[in-house]
Amino acid sequence: MKILKNLLKSPMFVTGLVLFLATIILALIGPYVHTITMERVGPQYAPPAAQYLLGTDDLGRDYVSLLIRGLRSSLYVGFLAGIIATTVGTLLGIYGGFKGGWIDDLINMITNLFIVIPSFVILILISSSLKDGRSLTLIGLIIGMTTWTWSARAVRAQSAALKSKDHISLAKINGDGTLAVIVKHILPYLASYVFMVFILQVASGILSEAAISMIGLGPLDTVSLGTILNQAKNNGALGDGVWWAFIPSTVIITVIVFALYLINTSAEGAFNPRLRK
Amino acid sequence: MKKGKNVTVFLMGVLLSGLLALQSCGGGKPKEPTDESGSSFPRTKTLYLAGSQWGDPNTFNPLAESWQAAWPVGDRFNLMYEPLLAYNSLDGKIEPVLGTLVSKDNDSIVVDLNPEAKWSDGTPVTSADVKFIFELGRRFKNAATAFTVEFITGINVAKVDVNGVSVERLSFIVDKKGRNNPLVILDHLQAVRIVPAHVFEKLLSENNNDLSAVQKLKIDDNPVVSGPYNLETYSNEKIVVKRRDDYWGAKAIYGGKLPGPQYIIHPIFKSNDHFAIALQKGNLDASQTFIPRIWLKKKDGVSTWKADAPYYVPGSIPMLLINTTKAPLNDKNFRRALAAAINYANIKELAVSGYSPDIQPGLIMQSGIEGKYFSADDAKTYGVTYNLENAKKMLADAGYRSVFKSDGSLDYMTDKAGNKLPTLSIKSPAGWSDWEAMVSIAVKGMRDAGIDVREGFVDAGLYWPALPSGDFDLIMHKPAAAVTPSLPWSRFESIMSSRNWVPVGGDNKMNENQGRYNQPGTKEYNKAVDSLLKVIPILSDDAQLTEAYRQLNKIFMQDQPALPLCHLAEQYYEFSNANWKNWPDETNPYAPPLLPWIGASTKILWQLQPAK
Chain B
202 MKILKNLLKS PMFVTGLVLF LATIILALIG PYVHTITMER VGPQYAPPAA
252 QYLLGTDDLG RDYVSLLIRG LRSSLYVGFL AGIIATTVGT LLGIYGGFKG
302 GWIDDLINMI TNLFIVIPSF VILILISSSL KDGRSLTLIG LIIGMTTWTW
352 SARAVRAQSA ALKSKDHISL AKINGDGTLA VIVKHILPYL ASYVFMVFIL
402 QVASGILSEA AISMIGLGPL DTVSLGTILN QAKNNGALGD GVWWAFIPST
452 VIITVIVFAL YLINTSAEGA FNPRLRK
Chain V
2 MKKGKNVTVF LMGVLLSGLL ALQSCGGGKP KEPTDESGSS FPRTKTLYLA
52 GSQWGDPNTF NPLAESWQAA WPVGDRFNLM YEPLLAYNSL DGKIEPVLGT
102 LVSKDNDSIV VDLNPEAKWS DGTPVTSADV KFIFELGRRF KNAATAFTVE
152 FITGINVAKV DVNGVSVERL SFIVDKKGRN NPLVILDHLQ AVRIVPAHVF
202 EKLLSENNND LSAVQKLKID DNPVVSGPYN LETYSNEKIV VKRRDDYWGA
252 KAIYGGKLPG PQYIIHPIFK SNDHFAIALQ KGNLDASQTF IPRIWLKKKD
302 GVSTWKADAP YYVPGSIPML LINTTKAPLN DKNFRRALAA AINYANIKEL
352 AVSGYSPDIQ PGLIMQSGIE GKYFSADDAK TYGVTYNLEN AKKMLADAGY
402 RSVFKSDGSL DYMTDKAGNK LPTLSIKSPA GWSDWEAMVS IAVKGMRDAG
452 IDVREGFVDA GLYWPALPSG DFDLIMHKPA AAVTPSLPWS RFESIMSSRN
502 WVPVGGDNKM NENQGRYNQP GTKEYNKAVD SLLKVIPILS DDAQLTEAYR
552 QLNKIFMQDQ PALPLCHLAE QYYEFSNANW KNWPDETNPY APPLLPWIGA
602 STKILWQLQP AK
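Protein chains in written order, with our numbering: chain B, 202 to 478; chain V, 2 to 613.
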């Protein structure tokens with residue numbers, strides 16, 4: 202509770218939180234405020250007007266509807282990737298850091314192996330081996346499975362530092378097994394850290410999805426903020442001065458990621474007493 | 002505060018190192034020899050054209066498969082290796098290149114070889130060269146031109162006297178017991194490029210008569226060619242060809258004139274959007290790529306064949322092939338309902354920027370050379386046009402029922418017996434934006450009609466193998482994409498022919514009729530289709546020909562084995578007058594709207610003039 206109070210005192214955190222909640226609200230209640238339609242409502246790339254506030258896309262569809270859909274998809278991918286990357290990374294990191302020895306070496310090796318494989322290479326390989334093509338969930342899974350490495354490394358360092366603390370030794374003497382020690386005595390110490398890792402992983406998941414989709418390797422037959430950009434690029438919207446094809450979705454991506462980074466940075470200040478003002 | 006400082010220092014470091022990297026890139030490059038304008042290829046003497054080479058140039062071997070060899074050796078490009086004849090897709094006439102068409106009938110096609118024709122090493126082009134390439138398939142099964150031996154039994158050579166000059170007269174004998182198809186032989190005579198037999202026979206004997214070893218050679222070092230240009234240099238960024246000032250055709254065909262541009266450079270762009278920008282900036286003189294909303298580029302001097310919509314000359318039909326062996330797609334009523342559910346006007350306007358006329362049902366275009374076979378009455382009587390209510394009615398009449406979710410969206414569809422039908426998928430290569438848009442519009446209409454179908458965009462690596470093996474429900478395809486003398490026959494053949502019918506599954510492949518329409522041996526088998534396809538190539542009477550085409554088109558419309566979506570150009574043709582002028586267009590139609598390395602369009606090179 203005290204931490205939350207501390208956090209709310211930080212204008213940076215409040216700004217981040219407000220911006221992030223705004224995007225969540227837009228995604229959640231957008232469909233109730235604005236009629237979402239995937240129908241053709243006007244000509245190709247019609248500029249913003251009363252009946253389509255942010256213009257239309259190459260198929261004459263309303264960009265507001267597409268952006269709300271896209272935002273929902275992007276948040277879904279971001280959270281999915283964030284949850285996977287944080288869970289996998291934290292578990293492996295804590296375990297390796299705590300156990301040490303050859304287990305730590307092995308986990309380190311696997312981590313280093315994954316770090317050098319670019320996620321889009323895996324993406325191309327997986328998508329060409331899958332008959333049904335790339336779904337939003339698959340993209341989220343792949344991003345999660347390729348970005349857990351740095352959370353594992355960061356958490357490992359923290360947990361290795363905790364390992365030699367007195368209360369851990371005490372717990373061990375009391376007969377607690379590895380799992381019990383990790384869950385009861387290490388995780389609580391790292392919770393704030395893991396929270397920040399999670400925030401960053403969500404942000405990077407959203408960015409990765411946008412980047413992968415932008416180059417045409419994104420989810421097929423769904424709208425995401427990245428696929429909106431990809432469609433705009435493929436249809437030469439940039440060359441024809443159709444700014445409404447890419448500015449709004451870029452702005453939304455920027456706002457979400459910016460908000461998450463603000464939350465992360467301010468949380469670091471609140472969690473770490475040495476940085477607290 | 003401390004942290005902020007660190008970030009600033011870090012950013013400055015990044016900037017500095019970036020600048021340094023840029024600096025070293027610019028300064029370290031060795032300079033190419035240049036003229037006063039600063040380029041090794043002076044702009045006033047160089048033509049920049051693009052769109053025929055997308056990947057890295059791997060080989061310039063004319064015996065390699067035509068899709069493997071780089072521009073201008075692959076495909077049917079004729080700048081280096083020339084064909085016997087050229088087809089003018091505007092007026093349907095056959096124009097002379099290495100040879101002149103003397104006569105064609107159902108027994109043989111007769112061509113006189115130009116006695117002036119010479120290879121770049123000075124030896125004359127003779128019947129031995131022609132025989133070498135056309136009969137290579139008899140010696141080697143893996144020859145890229147092996148398809149020709151199915152159609153001709155042989156080439157007879159006679160010496161005749163034409164206006165006092167001794168000329169080699171070649172008769173391509175139609176294989177009557179085999180395919181019996183003089184129409185396709187005519188296609189081959191303008192597509193197969195003649196190569197120097199003396200060069201390749203020597204290479205074959207050096208390689209123990211192993212064709213696949215010879216096919217692996219790059220043939221990129223001063224190759225022996227007959228055409229007006231020869232390979233100068235190439236890299237992964239561009240291919241450069243240089244004019245041959247001793248080209249035989251200058252005197253023999255073009256009245257002593259050489260082509261205008263001394264160099265032709267084909268820059269290799271990786272993405273479609275580069276072409277429009279390069280054209281608008283005047284860095285590219287002509288291109289053959291899909292550029293959306295071309296009218297917005299006019300202010301920057303980009304022109305097309307027609308000044309107004311549809312801007313291009315229709316020549317090919319992108320369509321959805323249907324796997325007719327799979328329920329419910331094996332029901333022609335279902336297929337006709339699919340055709341009625343597609344909003345063709347939206348496809349024309351949104352997917353292809355209006356580059357198509359309003360299409361008529363059937364496989365025959367209402368305009369151009371094949372327009373004479375088109376019957377508006379038949380299209381009206383037998384064809385299906387966009388009409389959602391009609392599509393729903395057809396489905397209901399055939400016993401299909403759509404089940405909707407509580408929010409009004411389609412859940413699934415049931416067949417006559419009440420069984421739930423699987424979700425159908427339309428396969429199309431991901432990233433081909435115009436095709437993707439066509440598929441999305443088709444899916445939208447079909448779902449509105451209550452048909453459970455979804456987009457199935459797949460990587461191109463999965464798309465191509467799926468086509469011949471029949472691994473699809475519906476699939477995007479553009480059959481008979483090139484305008485050749487055999488159209489529209491070749492279009493019907495590639496969709497309806499059961500000549501090589503094999504079922505889906507295993508290693509079975511069909512290179513035509515990939516939808517497995519009209520299975521022989523079943524009680525639904527319609528014999529008329531294959532017999533019409535067999536008889537049309539040997540019909541010469543126009544009335545009979547029209548009647549046969551009408552019959553075939555009627556069957557197509559009734560059975561709907563595929564869903565034509567729009568009529569697009571054989572090749573998009575955009576040009577800029579910024580550096581070179583006098584490109585052919587609708588008001589000055591001296592050559593077909595193709596880049597000057599295909600068919601009868603090579604003559605454009607002789608008509609271009611520097612703009613400055």
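Derived from the structure by calculation, the hints contain no laboratory data. It is possible that some hints are incorrect.
Stated by the list, open to error - Below, a list of computed lysine-lysine pairs in the DSS-like style, where the Cα atoms sit at most 25 Å apart:
1. Lys434/B - Lys203/V
2. Lys434/B - Lys282/V
3. Lys364/B - Lys282/V
4. Lys142/V - Lys203/V
5. Lys434/B - Lys142/V
To be verified - Where chain V lies over chain B, by a calculated footprint (3+ residues, C-beta under 8 Å):
6. 241-250
7. 262-274
What the hints assert, rightly or not - A few chain V positions that, by computed beta-carbon distances, are all more than 10 Å from chain B:
8. Asp211
9. Ala277
10. Arg294
11. Thr326
12. Ser354
13. Arg402
14. Gly432
15. Ser434
16. Ser441
17. Lys445
18. Phe458
Don't be surprised by glycine CBs; every beta carbon is placed ideally from N, CA and C.
Taking the hints in turn, this is what the structure says about them:
Taken as a hint, the lysine 434/B and lysine 203/V pair is broken in the structure, with Cα atoms around 50 Å apart against an allowance of 25 Å. Between the alpha carbons of lysine 434/B and lysine 282/V the distance comes to roughly 19 Å, so the proposed pair stays at or under 25 Å and holds. For the proposed pair lysine 364/B and lysine 282/V, the alpha carbon gap of about 64 Å is over 25 Å, so the pair is violated. Between lysine 142/V and lysine 203/V the alpha-carbon distance is near 19 Å, which keeps this suggested pair within the 25 Å criterion.
For the suggested pair lysine 434/B and lysine 142/V, the alpha carbons sit about 45 Å apart, so the restraint of at most 25 Å is broken. For a cut-off of 8 Å, the count of residues in the region 241-250 of chain B with a CB near a CB of chain V stands at 4, and the three-residue condition holds. By the rule of at least three residues with a Cβ nearer than 8 Å to a Cβ of chain V, the coverage given for the region 262-274 of chain B is violated, with 0 such residues. Every CB of chain B lies more than 10 Å from the CB of aspartate 211/V, the least distance being 34 Å, so the non-interface label holds.
Separation of alanine 277/V from chain B is inadequate, the least Cβ-Cβ distance of about 5 Å not exceeding the 10 Å criterion. A Cβ of chain B approaches the Cβ of arginine 294/V within 10 Å, the least distance being about 6 Å, so the stated non-interface status is violated. Every beta carbon of chain B lies more than 10 Å from that of threonine 326/V, the smallest distance being close to 19 Å; the non-interface claim holds. The beta carbon of serine 354/V is not kept farther than 10 Å from every beta carbon of chain B, the shortest such distance being approximately 8 Å.
No beta-carbon of chain B comes within 10 Å of the beta-carbon of arginine 402/V; the shortest separation is about 24 Å. Interface exclusion of glycine 432/V from chain B breaks down, the closest Cβ pair being 5 Å apart, not more than 10 Å. Consistency note on serine 434/V: stated as away from chain B, yet its beta-carbon is not over 10 Å from all of that chain's, at 4 Å minimum. For serine 441/V, the non-interface assignment is contradicted: its Cβ lies about 6 Å from the closest Cβ of chain B, within the 10 Å cut-off.
The beta carbon of lysine 445/V sits about 8 Å from the closest Cβ of chain B, which is not more than 10 Å, so the claim that it is off the interface is violated. The beta carbon of phenylalanine 458/V sits about 4 Å from the closest Cβ of chain B, which is not more than 10 Å, so the claim that it is off the interface is violated.
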